[in-house]
Each structure stands twice: as C-alpha cells, then as structure tokens.
Amino acid sequence: MKQNISDIMNDLHLGQIIRFQGKEYCFVEPKRTRAVIRDRHSGKEYLIKGMVEVTDEIDTEAVNQIEEEAVNAFITERKIAKMKKGTRFIGKDDKEYIFIKFNQKTFDCESVDTGEAFRAKPGFVKAILA
Numbered sequence: 347m348k349q350n351i352s353d354i355m356n357d358l359h360l361g362q363i364i365r366f367q368g369k370e371y372c373f374v375e376p377k378r379t380r381a382v383i384r385d386r387h388s389g390k391e392y393l394i395k396g397m398v399e400v401t402d403e404i405d406t407e408a409v410n411q412i413e414e415e416a417v418n419a420f421i422t423e424r425k426i427a428k429m430k431k432g433t434r435f436i437g438k439d440d441k442e443y444i445f446i447k448f449n450q451k452t453f454d455c456e457s458v459d460t461g462e463a464f465r466a467k468p469g470f471v472k473a474i475l476a
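Using my numbering, read the sequence shown as starting at 347 and increasing by one per residue.
No lab work stands behind these hints: they were computed from the structure.
It cannot be assumed that every hint is accurate.
Calculated cross-link-like contacts (lysine-lysine; reagent style DSS-like; alpha-carbon spacing at most 27 Å) [as the list claims (entries may be wrong)]:
1) Lys-438 / Lys-377
2) Lys-447 / Lys-431
3) Lys-428 / Lys-395
4) Lys-438 / Lys-467
5) Lys-472 / Lys-451
Estimated spans, in silico, between C-beta atoms of each pair [unchecked claim]:
6) Glu-442 / Asn-350: 44 to 52 Å
7) Asn-350 / Leu-475: 45 to 53 Å
8) Thr-460 / Asn-350: 47 to 55 Å
9) Asp-402 / Lys-451: 29 to 37 Å
10) Asn-418 / Gln-450: 18 to 26 Å
11) Lys-438 / Tyr-392: 39 to 47 Å
12) Arg-386 / Val-458: 26 to 34 Å
13) Glu-403 / Pro-376: 17 to 25 Å
14) Lys-425 / Arg-365: 38 to 46 Å
15) Arg-365 / Asp-440: 34 to 42 Å
The beta carbon of each residue, even a glycine, is placed where N, CA and C say it ideally should be.
Using the sequences and the hints, build the whole thing.
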C-alpha cells in the first residue's frame, strides 16, 4: 500500500526498506517535508517526497554503515575543534590549507598557495598534517 512519505516519515526507523519509483531504498532521516533515503545498491542519498511503499524489513548493513559514518564524522569534528591556529591540513580537493579558528559547526582556514580565506565544514578535512 502506498503512503505519502511526508505523513509517515517520523514513524519510520533507520534502515527501513522503502520502495520508491520501482527501486528499493533505505530510510535515513526526516528533513522538514522531505525524507533522506539511500539507494541500497549504489549508496547515494536522495531527498524525496511523494508516495512510497513501506516494508517492515530493516537493512542492517545500511544501518551499520550509517552509524559508522556518523561516528567518524563526530571524531573528525572533535579533532578539528582541538586544532591550534596555524595547523596545516589537506582538504578534499587535495590542496594544503592552514587552520585559523573553529566556529560552532564550521571552521575558518586559508589556502597555502593563494592565501585566500575559506569557511568549511569538518567533512572537508581529508588529513591533518603534523
């Protein structure tokens, strides 16, 4: 039976299987009027709204992967919050940056090559250099 995802998304569980447009997805989280879902095969995440078919089945592999990603993101955020001004790191674009300061959820940094200032999220950091 198809139901509107906006009406039921607060009752869904992490990893619950949803059929949307003929494919199977795992429910990740609600976002205002839309739901975040993850493709079971490719792992890509999408924001959807509309009619879906919900099953009682839960994909434990997807749940474990989502939890592991959340833990890693938290650890990275804590490492960045403890960094000192002037610490160098490699960004997701494989360029070197200098850490300036940590804000509530973002941090300020500048490019070593150009000296241009940036504001980034913790997910931008690929590796912290000693």
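How the hints compare with the structure:
Under the criterion of a C-alpha separation no larger than 27 Å, the hint pairing Lys-438 with Lys-377 is consistent with the structure, at around 26 Å. Between Lys-447 and Lys-431 the alpha-carbon distance is near 6 Å, which keeps this suggested pair within the 27 Å criterion. About 39 Å separates the Cα atoms of Lys-428 and Lys-395, which puts this hinted pair outside 27 Å; it is violated. A hinted pair counts as satisfied when its Cα atoms are at most 27 Å apart, and Lys-438 with Lys-467 qualifies at roughly 11 Å.
Between the alpha carbons of Lys-472 and Lys-451 the distance comes to roughly 17 Å, so the proposed pair stays at or under 27 Å and holds. Remark: the range hint 44 to 52 Å for Glu-442 to Asn-350 is upheld by a beta-carbon distance near 48 Å. With their beta carbons about 49 Å apart, Asn-350 and Leu-475 fall inside the hinted range of 45 to 53 Å. Between Thr-460 and Asn-350, the C-beta spacing of about 49 Å keeps the proposed range 47 to 55 Å intact.
The hinted range of 29 to 37 Å is satisfied by Asp-402 and Lys-451, whose Cβ atoms lie roughly 35 Å apart. A beta carbon spacing of about 20 Å between Asn-418 and Gln-450 agrees with the range 18 to 26 Å that was offered as a hint. Taken as a hint, the range 39 to 47 Å is violated for the pair Lys-438 and Tyr-392, whose Cβ atoms sit roughly 21 Å apart. The supplied range of 26 to 34 Å is broken by Arg-386 and Val-458, whose beta-carbon atoms lie about 41 Å from each other.
In this structure the hint that Glu-403 and Pro-376 lie 17 to 25 Å apart at CB holds, the actual value being about 19 Å. Roughly 39 Å separates the CB atoms of Lys-425 and Arg-365, a value that falls within the hinted 38 to 46 Å. For Arg-365 and Asp-440, the hinted distance range of 34 to 42 Å is satisfied, since their beta carbons lie about 39 Å from each other.
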